[in-house]
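Protein chains in written order, with the working numbering: chain A, 68 to 209; chain B, 9 to 550.
Treat the hints with caution; some may be incorrect.
Simulated restraints, written as ranges between beta carbons of each label pair [claimed, not checked]:
no.	chain 1	residue 1	chain 2	residue 2	range
1	B	I501	A	P176	49 to 57 Å
2	A	D110	B	L266	13 to 21 Å
3	B	I501	A	T95	57 to 65 Å
4	B	D528	A	K206	54 to 62 Å
5	B	C224	A	D83	45 to 53 Å
6	B	D13	A	V180	30 to 38 Å
7	A	A143	B	T14	31 to 39 Å
8	B	L291	A	D110	32 to 40 Å
9	B	F306	A	Q146	51 to 59 Å
10	A	D89	B	D145	50 to 58 Å
11	B	D303	A	D110	48 to 56 Å
12	A	R200	B	L291	20 to 28 Å
Mimicking DSS-like on lysine-lysine, the simulated pairs with C-alpha atoms at most 25 Å apart in a straight line are [stated by the list, open to error]:
no.	chain 1	residue 1	chain 2	residue 2
13	B	K545	B	K517
14	B	K254	B	K45
15	B	K175	B	K298
16	A	K206	B	K11
17	B	K45	B	K105
18	B	K298	A	K206
Simulated from the structure, these hints should not be mistaken for laboratory data. Just so you know, even glycine gets a beta-carbon here, dropped at the ideal spot from N, CA and C.
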Amino acid sequence: MAEVQFRFRDDEPVADPGVTVDAFGEQTNAAAVRLEPGDDARDLIPHLDRLQLIEVNFPVFGDGRGYSAARILREAGYQGELRAVGDVLVDQLTFLRRCGFDVFAPEVPLDPVDAENAFSRYAEVYQPTTDGRAAIWSKRHG
Amino acid sequence: MYKYDTYDQAMVDTRVEEFRDQVRRRLEGHITEDQFKPLRLMNGLYLQLHAYMLRVAIPYGTLSGAQMRMLGDIADKYDRGYGHFTTRQNIQYNWIKLEEAADILADLASVEMHAIQTSGNCIRNTSSDQYAGAAADEVVDPRPYAELIRQWSTFHPEFSFLPRKFKMAVIASDIDRAAIKLHDIGVQIVRNDAGEIGAAFYVGGGMGRTPMIAPCINPFVPIDQFITYAEACLRVYNRHGRRDNKYKARIKILVHELGKEEYTRQVEAEFAHLLTQNIEPPLAELERIKAMFADPAFEAGLSDELDRSDPDFALWVDNNCVAHKQPGYIAATISLKPVGGIPGDATGEQMRLMADLAARYSFDELRVTHAQNIVLPHVKKADLYALWQALDANGLGTANLDLVGDIIACPGLDYCSLANARSIPVAQKISQRLSAKSQEIGELKLKISGCINACGHHHAGHIGILGVDRKGVENYQLLLGGSEAADTSLGTITGPGFDEDGIVDAVEKATQVYLANRSDNERFLDTYRRIGMAPFKEALYG
Numbered sequence: 068m069a070e071v072q073f074r075f076r077d078d079e080p081v082a083d084p085g086v087t088v089d090a091f092g093e094q095t096n097a098a099a100v101r102l103e104p105g106d107d108a109r110d111l112i113p114h115l116d117r118l119q120l121i122e123v124n125f126p127v128f129g130d131g132r133g134y135s136a137a138r139i140l141r142e143a144g145y146q147g148e149l150r151a152v153g154d155v156l157v158d159q160l161t162f163l164r165r166c167g168f169d170v171f172a173p174e175v176p177l178d179p180v181d182a183e184n185a186f187s188r189y190a191e192v193y194q195p196t197t198d199g200r201a202a203i204w205s206k207r208h209g
Numbered sequence: 009m010y011k012y013d014t015y016d017q018a019m020v021d022t023r024v025e026e027f028r029d030q031v032r033r034r035l036e037g038h039i040t041e042d043q044f045k046p047l048r049l050m051n052g053l054y055l056q057l058h059a060y061m062l063r064v065a066i067p068y069g070t071l072s073g074a075q076m077r078m079l080g081d082i083a084d085k086y087d088r089g090y091g092h093f094t095t096r097q098n099i100q101y102n103w104i105k106l107e108e109a110a111d112i113l114a115d116l117a118s119v120e121m122h123a124i125q126t127s128g129n130c131i132r133n134t135s136s137d138q139y140a141g142a143a144a145d146e147v148v149d150p151r152p153y154a155e156l157i158r159q160w161s162t163f164h165p166e167f168s169f170l171p172r173k174f175k176m177a178v179i180a181s182d183i184d185r186a187a188i189k190l191h192d193i194g195v196q197i198v199r200n201d202a203g204e205i206g207a208a209f210y211v212g213g214g215m216g217r218t219p220m221i222a223p224c225i226n227p228f229v230p231i232d233q234f235i236t237y238a239e240a241c242l243r244v245y246n247r248h249g250r251r252d253n254k255y256k257a258r259i260k261i262l263v264h265e266l267g268k269e270e271y272t273r274q275v276e277a278e279f280a281h282l283l284t285q286n287i288e289p290p291l292a293e294l295e296r297i298k299a300m301f302a303d304p305a306f307e308a309g310l311s312d313e314l315d316r317s318d319p320d321f322a323l324w325v326d327n328n329c330v331a332h333k334q335p336g337y338i339a340a341t342i343s344l345k346p347v348g349g350i351p352g353d354a355t356g357e358q359m360r361l362m363a364d365l366a367a368r369y370s371f372d373e374l375r376v377t378h379a380q381n382i383v384l385p386h387v388k389k390a391d392l393y394a395l396w397q398a399l400d401a402n403g404l405g406t407a408n409l410d411l412v413g414d415i416i417a418c419p420g421l422d423y424c425s426l427a428n429a430r431s432i433p434v435a436q437k438i439s440q441r442l443s444a445k446s447q448e449i450g451e452l453k454l455k456i457s458g459c460i461n462a463c464g465h466h467h468a469g470h471i472g473i474l475g476v477d478r479k480g481v482e483n484y485q486l487l488l489g490g491s492e493a494a495d496t497s498l499g500t501i502t503g504p505g506f507d508e509d510g511i512v513d514a515v516e517k518a519t520q521v522y523l524a525n526r527s528d529n530e531r532f533l534d535t536y537r538r539i540g541m542a543p544f545k546e547a548l549y550g
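Just need the whole structure built from these sequences, with the hints factored in.
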């Protein structure tokens, strides 16, 4: 399993490896689960209160289903760790962060300077998501 | 016209620096070409047959004089002195160096322009009606709604890695001048019986190898829920659109496979959820944008009289100009289709001239049309003759709007790495062969694609031509009966294809069948729809 490289949370990392969505349904005590692109994030919504870690796998960076999965989970009120794993590249970091990911475990570690630039580059955003950043339109109309 | 505020400007300036950094990382070998490809593509930078091609966004096809002048300067400074206006109302430069791409973006940013999301599997530049704000038949100016989409879709975090590219178009009149039903999402801004403004959503249209006409999935979304509805349409697509086969990955396939009812049901469920998420910009934002699209300071009480004593001018007026909502004004189309020319190409010098003429005669505004021409939307009729003389003296006065010479053509095998056949030489030959008869033939929309991806919109041409590769030889199929207007239809292939000269002969024969059979004021398309394919087949293959 790839190491966590960036973490934007203060709580203790969850050590358990995430189980598959299918296994999760049978293991009533599992606190970590791993979503693949074809899994339906909404299947987890009834169980969010007992989940501490949801890993979302990006087998290839071009498969963008994980972005929707992340937003759906955050929109449903999930507060636990949301970890992007797999083919996570520098130029996806901003989008991932905006969709609610707060932990990143790229398969191939990223250049820390490039990553830092990516996380901080855009001062403003056009769209509101659940990441707490105000959209430009809300600043325009205070 | 829309003016950037500090937020908009910071966004494009930051993008320039980000892209400069991405190019640096590529040139220094920190990222592979495979990793760089999606990044440069999201900046409209393609690696073509001979060089890099840069596609610059022209949101909803609207340009100021200063912007058009900059496009001309870029053509001279970084390219070979010309640019190519596209069917997406954008411009492409064909001879770009990777090392200079960020400098071009910086020049563009200095006039509030960019190349953001002009390619890649994301929401592309939104197109619109080229007569927006001038057309007598529009409910409202559609461009503020398109600008709202531009901002919402720019760096949308959830929709930057869609199954496939995603194109939207917005109109606000019943006459469709933007082919909205051939888009991933077509929006028609409408007014209901209560006088309220809303948006009709057409989803799942497209051309390419599986052409489909978009069904209407919701005839009236209240305007203060418009962006939320679009977000719902996109989320369902991002989650469930096919990713196993790039040729089946467009939203049209999802809508087709699920069926309109099931897709709509899923969108409505997602919409109901998203309404709780407060993602819709407030109406105050729409009002802020609308104020920038207020009418220019038209003079009142002008005469609609025109001196038509110069017959060449009169012909140009009849062919290339359309009625304006304001008495005494007219919208004039500058044809980029000179006889035998390359459709949609303009030189840097011509672009600067058009910029000057816009400043002088059209409240400093120009439009790019999806038919690859330029419109001066607000010309005082009293100035029209002087305008035409200036255009005509510079090779821009061709009087052929919507005639057989007004050909849409993709760049084809002369430039494009996807093409199977050349499009440009075929367009040039047809234009030369038929230009003398074009007035007699009347409206005839001819569209040429150099491969099945259909960038030249061949499915939607009254006459369409599709270039294919047949055992290593360029071969051209002929289609008849397509339309991209409100009566959208898809063309039908006549039969076996032709070689390059054969397709020119075939087009001429098709026009002869039409002329021999037309009654009253029928257009080519009307005659074809009435008499059907058989007489054409007989003439072509009999």
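For each hint, the structure was consulted:
1. I501/B <-> P176/A: 49 to 57 Å: 53 Å, holds
2. D110/A <-> L266/B: 13 to 21 Å: 20 Å, holds
3. I501/B <-> T95/A: 57 to 65 Å: 60 Å, holds
4. D528/B <-> K206/A: 54 to 62 Å: 59 Å, holds
5. C224/B <-> D83/A: 45 to 53 Å: 49 Å, holds
6. D13/B <-> V180/A: 30 to 38 Å: 31 Å, holds
7. A143/A <-> T14/B: 31 to 39 Å: 35 Å Cβ-Cβ, so the 31 to 39 Å window holds.
8. L291/B <-> D110/A: 32 to 40 Å: Roughly 37 Å apart at Cβ, these two residues keep to the hinted range, so it holds.
9. F306/B <-> Q146/A: 51 to 59 Å: At roughly 56 Å between Cβ atoms, Q146/A and F306/B fall inside 51 to 59 Å, so the hint holds.
10. D89/A <-> D145/B: 50 to 58 Å: Given range 50 to 58 Å: holds, Cβ gap about 56 Å.
11. D303/B <-> D110/A: 48 to 56 Å: Since the Cβ atoms of D303/B and D110/A sit about 53 Å apart, the hinted range of 48 to 56 Å holds.
12. R200/A <-> L291/B: 20 to 28 Å: 22 Å, holds
13. K545/B <-> K517/B: It holds: about 10 Å lies between the C-alpha atoms, which stays within 25 Å.
14. K254/B <-> K45/B: Within the cut-off at roughly 16 Å; holds.
15. K175/B <-> K298/B: 23 Å, holds
16. K206/A <-> K11/B: Answer holds: K206/A to K11/B is near 17 Å, not above 25 Å.
17. K45/B <-> K105/B: 15 Å, holds
18. K298/B <-> K206/A: 18 Å, holds
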